[in-house]
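Enquirer: Protein sequences appear in the order of chains F and Y. Position one of the first sequence corresponds to residue 1 (full-length UniProt numbering), numbered consecutively onward. Position one of the second sequence corresponds to residue 1 (full-length UniProt numbering), numbered consecutively onward.
Fair warning: there could be bad hints in the mix.
[To be verified] Some but not every residue of chain Y turned toward chain F, in silico, with C-beta under 7 Å:
(1) 149
(2) 151
(3) 164
(4) 285
(5) 303
[To be verified] Computed footprint of chain Y on chain F; a stretch qualifies when at least three of its residues, placed anywhere within it, have a C-beta under 8 Å from a C-beta of chain Y:
(6) 77-85
(7) 407-415
Keep in mind the hints are simulated off the structure, nothing from the lab. A virtual CB, placed ideally from N, CA and C, is assigned to each residue, including glycine.
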Amino acid sequence: MSEVLPPVIVGAGPAGIRAAERLVAAGLRPVVVDEAARWGGQIYRQPPDGGFTRPKTALYGFEAGKADAVHRAMAAIRDRIDYRPRTLVWNCEDGALDLLCDGASETLPFSHMILATGATDRVLPFPGWTLPGVFTLGGSQVALKFQGCAVGRRVAFLGTGPLLYLVAYQYLKAGVEVAGVFDTTPFAAQARATTGMLRDPATLAKGLLFVGWLRAHGVPIHNGIRPVRAEGTERVEALVWRDARGQERRTGCDAVAFGLGLRSETQLADLAGCRFRFDEADRAWLPERDGAGRSSVPGVYLAGDGSGISGADAAELAGERAALGLLEDLGRPVDGKRVKELDGRLARIAAFRRSLSAAFPFPADWADAIADDTMICRCEGVTAGAVREIARSGQAREMNRAKALTRAGMGRCQGRMCSATTAELLSRTLGTGPDGVGRLRAQPPIKPLPVSAGAERREVA
Amino acid sequence: MRERIECDAAIVGGGIVGGSAALFLRQAGLSVTLLERDWCGAKASGVNFGGVRRQGRPLEQLPLSQRAHAIWGRLPELLGTDAEYIRSGHLKLARSETDLESLIAYRERSQGFGLGLEIITGEEFRRRWPALGDRALGGSLCPEDGHANPRLVSPAFARAAAALGAVVREQTPVDRVEKDGDRFVLLSGDALEVRARFLLNTAGAWSRRVAEAFGEPVPLESLHPNMAVTEPLPRFLDVNIGVEGGGVYGRQVPRGNVVVGGGRGFALDADRARPQRDAVLTLMRDAAELFPQLRHAHVIRCWTGVEGYTPDRNPVIGPSRTTPGLFHAFGFSGAGFQIGPGVGQTLAELVTTGETPMPLEPFRIDRFPPTA
Chain F
1 MSEVLPPVIV GAGPAGIRAA ERLVAAGLRP VVVDEAARWG GQIYRQPPDG
51 GFTRPKTALY GFEAGKADAV HRAMAAIRDR IDYRPRTLVW NCEDGALDLL
101 CDGASETLPF SHMILATGAT DRVLPFPGWT LPGVFTLGGS QVALKFQGCA
151 VGRRVAFLGT GPLLYLVAYQ YLKAGVEVAG VFDTTPFAAQ ARATTGMLRD
201 PATLAKGLLF VGWLRAHGVP IHNGIRPVRA EGTERVEALV WRDARGQERR
251 TGCDAVAFGL GLRSETQLAD LAGCRFRFDE ADRAWLPERD GAGRSSVPGV
301 YLAGDGSGIS GADAAELAGE RAALGLLEDL GRPVDGKRVK ELDGRLARIA
351 AFRRSLSAAF PFPADWADAI ADDTMICRCE GVTAGAVREI ARSGQAREMN
401 RAKALTRAGM GRCQGRMCSA TTAELLSRTL GTGPDGVGRL RAQPPIKPLP
451 VSAGAERREV A
Chain Y
1 MRERIECDAA IVGGGIVGGS AALFLRQAGL SVTLLERDWC GAKASGVNFG
51 GVRRQGRPLE QLPLSQRAHA IWGRLPELLG TDAEYIRSGH LKLARSETDL
101 ESLIAYRERS QGFGLGLEII TGEEFRRRWP ALGDRALGGS LCPEDGHANP
151 RLVSPAFARA AAALGAVVRE QTPVDRVEKD GDRFVLLSGD ALEVRARFLL
201 NTAGAWSRRV AEAFGEPVPL ESLHPNMAVT EPLPRFLDVN IGVEGGGVYG
251 RQVPRGNVVV GGGRGFALDA DRARPQRDAV LTLMRDAAEL FPQLRHAHVI
301 RCWTGVEGYT PDRNPVIGPS RTTPGLFHAF GFSGAGFQIG PGVGQTLAEL
351 VTTGETPMPL EPFRIDRFPP TA
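Isolated chain F, as found in the complex (with noise of 0.2 Å):
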């Protein structure tokens, strides 16, 4: 019965790709389902169709020979894979997946799956951060990789993770000015960190680069500080922040791109059932994966960011990784040496990974800056103060009480943008760990979905 249906791969970034490449050398025909128009996900996303195009070295730099090959992959495959661009997938239910293309909801059953979902940015929220000219990092990025335009004149770049200083080299390269890049991790904890990072030297050398390139060209460089606020009236004019000896300074600026590291979209991952842990590293709750990426679920991997952030070099080999694993399941021969080769780049990764955290840690104090008029939750306009008052008052003491009482994480993105931020807000209040606040449980429909889709029903292709 298992082979039957064809596996289903969601997601075609770099994880999926690969994951569709393997299953197809096998001999499947695996359904692709993408929410882009294009393959490639976000970090290798290519530029709309259709007369715009820029080369790959301008718009991927250093990866440009990553992104180009990836690209390649799917390209060669694309006549051997049910590719569904443009399709959101909705609902994970009863062995079958809810996709919505073009307005019709469609439901597609699976008997095999992999779930290479990735990643958005992470975000706590400062005094200011909802004016006109705050963006994310990765949404910088997507406007200069996608659009090709800047989010700004003179960008502020704030907060921690490698993320921070590659978009800021991105902008200055692309011809932008560059107001400074203010990170909130201590130079010293960085420096600590570079000897683990020398498992890596590739990817130390290019982080040194990056910040070289920046001093070079004049970029104040800002280690150990804190955000105080986003100044400005019709849009962000200023960042003011803390140096690392506490003294307030203002940075003249008509942006701010800022983020704190990545987080797992992990939602149907949860609707498929799997059991999650608390990861200490990523401070959130993932779903469980074996070392070829099976979750608890049979039938149901993962692969890439979208189970922990461990980057897109890992997420190509953690997705053929669990398309390997997803063949031996089937009965089908795989190759052992390449399954050991992954594994051991992938341990390799993984310990970089820890250094890379180390360099870059988790502010955990930010939280407690964010003033109580502060709005941490966009779709429902709840306050810091109010996720704050509940927690104090005794009336929650975890995730889906304090949405039920503040409606934090009950508006369009459910919880996708803020619940990082009342996690937060609620373990620092109540003195328990990050851990002992629980996460929202995700319900169906993960990401809106138009009214006009019930009337829009396609029979299963």
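For this one, chain F is given, so just place chain Y on it according to the hints.
Expert: Chain Y alone, transformed into the frame defined by chain F:
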């Protein structure tokens, strides 16, 4: 060390019935311990559609429903919050002559209960609710019915009871319950023992176990309403809408979101349920048909809950037939929200005075034929 609590009344289940019973018992001066396995008002009481509706109920429920109506009118005074309760009116639509006749017949039958129903049709109907277009011939309006936010109301009853001195224990499942002489003994693991003269079984879909412990099996099944809410939309609907003969129901909150319901979710296990794809899609189709204003809107969230249903769709309310001091109130069959506080007050009355003017005969626990 097992904690021991002695009190007048123990309540199992912190939904709107148990929470309001706790509040009224405290007002009467009794000591109360309320045990809730989850969070108070987090199950059916807190995740229902939010309709505060008397219209359409079986006549035998109307005295309790009227009693509840008076309590709803005093929410801020009782709970310190209005919980977004609005007396918007409840309009039940007739889409055919037959449906209209049945609405008229219901108005006649319910005449003596004080619902103040108005049948509105034709030009007058279209003038008052232009947004509903011509999709209905008319409807029956209960002007003082309305809607509220169940997530806020239901926990607030238990909270108000606690503020008056009730002991409220959440995340406290009752594992064993028995009677020892004239005392009920409730055990929650090894951590807690509650002894009480009176016991209220208000555990919603989970009430059967308590009833069975006292030799009163009830054919209670769990069903799951299916609901969805849209993004905020410009205001077009100022009444809570139902449709004669069932189907979709809807209301628009002041924030602009439109809440619609219809169909059934499915059980993940005994405690959890989820919206079901076919029900969600059918609901969206039907809702857009009833409210064309939704055609270009998005559903941002769907949800469901676990509700206890009886075979005749009437609740079980009243004294145990086997065990003095035990009172039941559960099995509201998807319609317990509005009536809940009236039932809580009645339970408190039964405990404190041994009697109530409310007619409870139709809700006897022993009315069902014995189950195999």
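Enquirer: State for each hint whether it applies.
Expert: Hint-by-hint comparison with the structure:
For residue 149/Y, the shortest C-beta to C-beta distance to chain F is roughly 10 Å, which exceeds 7 Å, and the interface hint is violated. With 7 Å as the threshold, the beta carbon of residue 151/Y comes within range of chain F, its nearest partner Cβ sitting at about 4 Å, so the hint holds. Evaluation of the residue 164/Y hint against chain F yields a violated restraint, the C-beta minimum of about 16 Å exceeding 7 Å. Below 7 Å, beta-carbon pairs count as interface contacts, and residue 285/Y has one with chain F at about 4 Å; its hint therefore holds.
Look at residue 303/Y: its Cβ gets to within about 6 Å of chain F, closer than 7 Å, so that hint holds up. Residue count for the segment 77-85 of chain F with a Cβ under 8 Å from a Cβ of chain Y: 0. That is fewer than the three needed, and the coverage hint is violated. With a threshold of 8 Å between beta carbons, the proposed coverage of the segment 407-415 of chain F by chain Y holds, since 4 of its residues qualify and at least three are required.
The structure is inconsistent with the numbered hints 1, 3, 6, although it conforms to all the rest.
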